[in-house]
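Undergrad: Using the hints, position chain B against chain A.
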Amino acid sequence: MIEGILIGLTTALTLQNILMVMLGCFFGTIIGMLPGLGPMTAIALMIPITYGFDPATGLILMAGVYYGAVFGGSTSSILLNAPGVPGTVATSFDGYPMAQQGKAGKALAIAAWSSFAGGTLSAIYLLFMAPSLSKVSLSFRSPDYFALMILGLTAIAAFSSKGQFLKAMMMVVLGLMLASVGQDSLSDITRFTFNNMNLTDGISFVLVVMATFAMSEALTIILKRNDPTSAAKQVSLTELGSIKINKEERTKMYKTIPRSSVIGFLIGVLPGAGATIASFLAYGMERNVVNDEEKEKFGKGSVNGLSAPETANNAACSGSFVPMLTLGIPGSGTTAVMLGALLGFGVQPGPRLYMTNPEIFWSIIMSMYIGMVILLILNLPLIPYIARILAVPKNYLIPLILFFSITGIYVMSFNNFDIYLMIGIAVVATFMRLYDFPMPPLILAFVLGGLMEENLRRSLLLSNGSWEFLWDRTLTLCILLTTILIVVWHFYKTIIKK
Amino acid sequence: MNINTTKVISLLFFIFSAFYLYTAYQIQVFAFDENAPFNARTFPIYLGYAGLFFSGLKLILPDPNTIKVNHKTLEYKKTLILIIIAIIYGTTILKVGYFLTTSLFLFSSYYFLGERRWVLMFLLSFPFVAAFMYLLHGVLDIYLRDPFLQSIGVMG
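Chains A and B, in that order, give the protein sequences. Reminder that position 26 of the first sequence reads as 25 in numbering that gives the first Met the number 0, one-by-one numbering, no gaps. Reminder that position 95 of the second sequence reads as 94 in numbering that gives the first Met the number 0, one-by-one numbering, no gaps.
Quick caveat, the hints were computed from the structure, so don't treat them as lab data. Please note that the accuracy of each hint is not assured.
Only pairs whose alpha carbons sit at most 25 Å apart, straight line, appear in this in silico SDA-like list of lysine to any residue [to be verified]:
| id | chain 1 | residue 1 | chain 2 | residue 2 |
| --- | --- | --- | --- | --- |
| 1 | B | Lys71 | A | Asn225 |
| 2 | B | Lys67 | A | Asp435 |
| 3 | A | Lys223 | B | Leu11 |
| 4 | A | Lys393 | B | Leu119 |
| 5 | A | Lys134 | A | Thr9 |
| 6 | A | Lys393 | B | Trp117 |
| 7 | B | Lys94 | B | Pro126 |
| 8 | A | Lys254 | A | Ile242 |
| 9 | A | Lys492 | B | Phe52 |
| 10 | B | Lys6 | A | Val487 |
| 11 | A | Lys246 | A | Asn290 |
| 12 | A | Lys223 | B | Ser107 |
| 13 | A | Lys223 | B | His70 |
| 14 | A | Lys393 | B | Glu114 |
| 15 | B | Lys67 | A | Thr219 |
One chain only, chain A, in its complex shape:
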């Protein structure tokens, strides 16, 4: 492990990679602050830039954008009560009341330190867990991988859709259908191309991400007459107050941070869960463990109430890298985008990644520490100024998002057809978003489509066409039972609600 850490440090500490972490954190913070534009959009917009770098640098940049966006989301939660990303909704419960009491600076500082501690602690957990899990996952076979992918897709549908499980499952199927377009990987037989040569190689992953996130989010903002930047204009530089945290507040944070980081990390590791569930669970747990006097303060500006979700959502970000790095199966929409980008670089994530590409594996983990420090140094004193930058009018922001999306496809294929296809998918996605059809399950399914077919092919061929492979191995059966449990639990919860 020491050797790996040294390889990671050597790669992560090059001037170029430090600059990439800084750029990623800065850009992510800005996008994350804008309500409606989350880390997936931020990462999608960064993809064209990463083409010019090696895989490690590209992924370091995207990881920086990811935790920058989560950090930025908490800033708008605290200052404007307008969470930039769903993972920071719980932050606004106590962060915004604190800001209203004239302690916005303090709330931002608590959020920044909690994020830093949560991110750093979970990077340590990742450091120890990822290599061990990689070794364990070497024993995984095709049926296990197939079952694991079913689990991931079901879980993301169950967790991401706010009671709209069937809609999310429809999006999963649509994502898998889109992934099936083009040449079959084994026989080279073309499928669903309708004799169009442009579709022979399939639909590009970047195209689907740009269309369903960046472009459709921009169109949705215009269509719904939202202005994500209007709230930022209300931020006053003079009303933030001190950013100093006193001893009593620090003591409270010392207790909250370790337990919330563990919850955040473990939830982040689970496929489909992620920062939103982690932050709500940590908030709920914190409320249950504090004394009655402190419990009364929850929702009115509690230090524990602010620190817990902030620690957990950043810890969940690092946790979500575990299944991606060790199994090659992303646990969330955001890591699915990163996995797609890695595949684009020609790198196959999975249990062998830390042996075949140790510099990528370890430099991502090491860059997380650097990223957390940079976020703290960069953002704490600069937050009010960054918030002012956000007052860029919607009239400029939307065309720029469209420009980055189209440029991303243009530099990749130099093909008009891809641009038309992207616009077409974006229009359909915008319409579906209006009716709450979630996009992250579609992206995850699109990324996993090829791998899923490959593993199903191997499993069926080995079992001579029998579906017994699903319960032949204990591990496969356990994964499958977990999937069934998630579905049953989800329907039970929906029936109870009614």
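TA: Then chain B, alone, in the frame of chain A:
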């Protein structure tokens, strides 16, 4: 009569899945693969049935969380104009070149979204695109095709 749009989308998805399934059955596989446990059409066929299953369930089951969208409040005109500008941009980018089409795309988008600060609109289109092009082409060494700049001798 009130039409539940979610159900309409589900019905469209059901029809789409049926078409997908039909097309999946039409995939030509090699003769020796025809009766294999898994061939190029196996996975798409499962997907087609899965699409029919989930959209069928959505159609049949009651929808307690009906999403109601007030279409009168939606900004269709500007959205449509932006889409048309993007299509024109996509059509001309290869023939005319990256710099001119992108700059014009940005400038016209700002204009149609209601912006009238001409100097700022100019700065955030032509010089901005030039700087971005320099970053991609000059610094990151990402090839950008531009017949217009080549014809006037700016780009090699």
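Undergrad: If any of the earlier hints don't hold here, list their numbers in rising order.
TA: none
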